[in-house]
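Trainee: Take a look at the letters that make up each chain.
Number of protein chains: 2
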Amino acid sequence: MESDRTKVHRAPHKQVDDPAVVRRILERAIIAHVAITIADQPYCLPVSCAPYGDELLMHGSVASRLFKALADGVPACVTITLIDGLVLARSSFESSMHYQSLMAFGRARLLSDEEKRHALQGLTDHLFPERRAELRNSTEQELKATAVVAFPLNEISIKVSHGQPDDTESDLDSNVWAGILPIVSSYGAPIPATNLRSGIPSPDYISRWPGNRL
Amino acid sequence: MESDRTKVHRAPHKQVDDPAVVRRILERAIIAHVAITIADQPYCLPVSCAPYGDELLMHGSVASRLFKALADGVPACVTITLIDGLVLARSSFESSMHYQSLMAFGRARLLSDEEKRHALQGLTDHLFPERRAELRNSTEQELKATAVVAFPLNEISIKVSHGQPDDTESDLDSNVWAGILPIVSSYGAPIPATNLRSGIPSPDYISRWPGNRL
Chain A
4 MESDRTKVHR APHKQVDDPA VVRRILERAI IAHVAITIAD QPYCLPVSCA PYGDELLMHG
64 SVASRLFKAL ADGVPACVTI TLIDGLVLAR SSFESSMHYQ SLMAFGRARL LSDEEKRHAL
124 QGLTDHLFPE RRAELRNSTE QELKATAVVA FPLNEISIKV SHGQPDDTES DLDSNVWAGI
184 LPIVSSYGAP IPATNLRSGI PSPDYISRWP GNRL
Chain B
4 MESDRTKVHR APHKQVDDPA VVRRILERAI IAHVAITIAD QPYCLPVSCA PYGDELLMHG
64 SVASRLFKAL ADGVPACVTI TLIDGLVLAR SSFESSMHYQ SLMAFGRARL LSDEEKRHAL
124 QGLTDHLFPE RRAELRNSTE QELKATAVVA FPLNEISIKV SHGQPDDTES DLDSNVWAGI
184 LPIVSSYGAP IPATNLRSGI PSPDYISRWP GNRL
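Chains as they are written, first to last, in the working numbering: chain A, 4 to 217; chain B, 4 to 217.
Treat each hint with caution, since some may be false.
Claimed, not checked - Which residues of chain A face chain B? A few of them, derived with a C-beta cut under 7 Å, are:
#, residue
1, His36
2, Ala42
3, Pro45
4, Thr82
5, Ala136
6, Leu138
7, Tyr208
Stated by the list, open to error - Keeping only pairs whose Cα atoms sit at most 20 Å apart, straight-line, the calculated SDA-like set for lysine to any residue is:
#, chain 1, residue 1, chain 2, residue 2
8, A, Lys162, B, Thr171
9, A, Lys147, B, Thr171
10, B, Lys162, A, Ser67
The set of hints was computed from the structure by calculation and includes no laboratory data. Ideal Cβ placement from N, Cα and C applies to all residues, glycine included.
The task is simple: from the sequences and hints, build the whole structure.
Mentor: Printed below as a string of structure tokens:
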């Protein structure tokens, strides 16, 4: 659904409308930034996120101002930005980044107590694949302390900037190197907790976790 | 300066007030998310950024709605989030992330034409260190097309979450591995532009660029 607020005014050629791209962004992202307005002051806060059916799942403390406002159904904007590289053009002006961004407008839906447990399991599976099987279930008290919201994705704007440096004609005979410098994020070696019981090796599944989550 | 909007209500032990931490975050970050409100609708947009004296520099097209609003001095919130790792606790509830975030409140200051050129050079130096010496100067037309704003950093909230998994006592005898999985971002091998003139090697300075920009 395109509205004035989802129409890309700048660089409209970067706007895409492909469900596969939306899915790819949602499956990769672990954090989103949420904008809400309280008493005319905008706030922008990072939250962890996961795909949840046709919605985006976010969770936080029931005591947080952000989640209280989201639970109240205030208008919000949720943006996911994935940075894929630097674009080294032959001028500063054309230098830029490779990125993918998803901006969603709407109001969050507070999940019921019944829906919460299942949704949070999905969040754990998204952030820590294969790990949930060895973790105990969340307690009722933990669930009560956690606000879980689903954000609609039916009013979204997607931009993908993965192109070549867009140098002006007159710069093309320059001696300056031009191209893309990919940025990749990956996991380092696991660091055991200082209070970890001895003899517990780091889990195999970590080696299977996909990189590039940022 | 602490106000109600910069006070950390959730996890106040994670709030820090150390200029060296602010500097470290600003020197590392290449993107920020900006929240503004237009007609009661919050917007959250990613922009590239760089430290600029005691302010944060951001630039965009003079034709962009975001930069028009910022130039008009609307109330804004600028948030930088750096993700440093996953915290694998012994329960889903205590599992979290290592991150550093800076949230700034205020109104942007539109730079004058005189100030712009110097400021944009600083942005290029921040994103592409050592590269500016080989790039031509920006033209007057390029400068005219670029809106450059400085955002104040005198009303900020900083959170640093770099601690151990905070498991509840009763989970400590669990057989589950617990610890930190660092997330590191780095540059991949440079990819020459398809229209790069032959015989131009990728620049040496790229190898000196600091990683972990996300």
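Trainee: Determine for every hint whether it applies to the structure shown.
Mentor: Hint-by-hint comparison with the structure:
{"no.": "1", "hint": "His36", "verdict": "4 Å, holds"}
{"no.": "2", "hint": "Ala42", "verdict": "9 Å, violated"}
{"no.": "3", "hint": "Pro45", "verdict": "4 Å, holds"}
{"no.": "4", "hint": "Thr82", "verdict": "4 Å, holds"}
{"no.": "5", "hint": "Ala136", "verdict": "10 Å, violated"}
{"no.": "6", "hint": "Leu138", "verdict": "6 Å, holds"}
{"no.": "7", "hint": "Tyr208", "verdict": "10 Å, violated"}
{"no.": "8", "hint": "Lys162/A <-> Thr171/B", "verdict": "42 Å, violated"}
{"no.": "9", "hint": "Lys147/A <-> Thr171/B", "verdict": "16 Å, holds"}
{"no.": "10", "hint": "Lys162/B <-> Ser67/A", "verdict": "15 Å, holds"}
When held up to the earlier numbered hints, the structure conflicts with 2, 5, 7 and 8 and fits the remainder.
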